[in-house]
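Whole structure, please, built from the sequences with the hints as guidance.
Heads up, the sequence shown is in numbering that gives the first Met the number 0, so the first residue is 0 and it goes up one at a time.
Treat the hints as calculated values from the structure; they're not laboratory data.
Values in this document were obtained by computation on a predicted structure and should not be read as measured data.
Any given hint could turn out to be false.
As the list claims (entries may be wrong) - Beta-carbon label-pair distances, calculated as ranges:
1) Pro-63 with Gly-95: 16 to 26 Å
2) Ser-265 with Met-46: 31 to 41 Å
3) Ala-40 with Arg-159: 24 to 34 Å
Glycine residues also receive a C-beta, built at the ideal position from the N, C-alpha and C atoms.
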Amino acid sequence: MTVAKLAVLGNPVEHSRSPDIHRQFGEAAGIELSYEKILVAAGDFDMVVRRFMNDGTGLNVTVPCKRDAWALVDEMSDKAALAEAVNTISRSDDGGLFGSNTDGEGMLRDIVGNLGWKIAGKRVLVIGSGGAVSGVLGDLLEAAPESVDLFNRTQDKAERLAHRFADQRLQAVAASALESQYDIVINGTSAGLAGEDIELPGRIVGSESRCYDMIYGAGTTRFNQWCQAEAACQVSDGLGMLVEQAALAFEIWLGAQVETSPVIESLRSTIT
Numbered sequence: 000m001t002v003a004k005l006a007v008l009g010n011p012v013e014h015s016r017s018p019d020i021h022r023q024f025g026e027a028a029g030i031e032l033s034y035e036k037i038l039v040a041a042g043d044f045d046m047v048v049r050r051f052m053n054d055g056t057g058l059n060v061t062v063p064c065k066r067d068a069w070a071l072v073d074e075m076s077d078k079a080a081l082a083e084a085v086n087t088i089s090r091s092d093d094g095g096l097f098g099s100n101t102d103g104e105g106m107l108r109d110i111v112g113n114l115g116w117k118i119a120g121k122r123v124l125v126i127g128s129g130g131a132v133s134g135v136l137g138d139l140l141e142a143a144p145e146s147v148d149l150f151n152r153t154q155d156k157a158e159r160l161a162h163r164f165a166d167q168r169l170q171a172v173a174a175s176a177l178e179s180q181y182d183i184v185i186n187g188t189s190a191g192l193a194g195e196d197i198e199l200p201g202r203i204v205g206s207e208s209r210c211y212d213m214i215y216g217a218g219t220t221r222f223n224q225w226c227q228a229e230a231a232c233q234v235s236d237g238l239g240m241l242v243e244q245a246a247l248a249f250e251i252w253l254g255a256q257v258e259t260s261p262v263i264e265s266l267r268s269t270i271t
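Right, dumping it as structure tokens:
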């Protein structure tokens, strides 16, 4: 029986939960696999990918390598092209490297499918304009929100990102132009991981708002603590997104669909 050879590339990568996630997927699907973490030094990304994919099945790509992956692959999905970021590398039918981005669909599966929050017809605020945000905007717009406001500390970066997606519902806004009580607020910055707060007016959240932090950790994230202090609203971190995007990658590589809820529960119980 052929063993599927998988890995995650990034820097840092030691914290990654991907090996555990895919081990559980493999057990559930009856697929034997190996999954390793590979630390990628600056300038080594292309060499590491080509060496691994000589006999590898597929790769996950995490920060800061998603744009490197976008630049390297021979072909890519439309979503990856628009995001200018690739988080999943597989082999195309002709043997070339194919890039996908499963972050946006993974986030929507978690928000809409797992949490039961609605995006369609809602006013959405997205905080941040880096790779995490560019990777989810396409899927977010496909989910038919009424509007998506994009806020970033450096506004011209948000404006450039909004211009790339060229959707009239998406606009970059200054702090002074932020609306009151958005339906959905998504934090796509990593400020919380650095123990930093984002300067935001409290009016952006209300008791009916739903706040989603794309990072995760033990307990409630710093951003979600702020949201609850301002408005006692419903919040979620991004652990479900992590598992959902991984399930989509697993399906791309191995053609198998897997249940995600047992894996989310398993990871949640081990986060300290």
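Right, here's what the structure says about each hint:
1. Pro-63 with Gly-95: 16 to 26 Å: holds (24 Å)
2. Ser-265 with Met-46: 31 to 41 Å: This hint holds: roughly 35 Å between Cβ atoms.
3. Ala-40 with Arg-159: 24 to 34 Å: 29 Å Cβ-Cβ, so the 24 to 34 Å window holds.
Every hint from the earlier list agrees with this structure, and none is contradicted.
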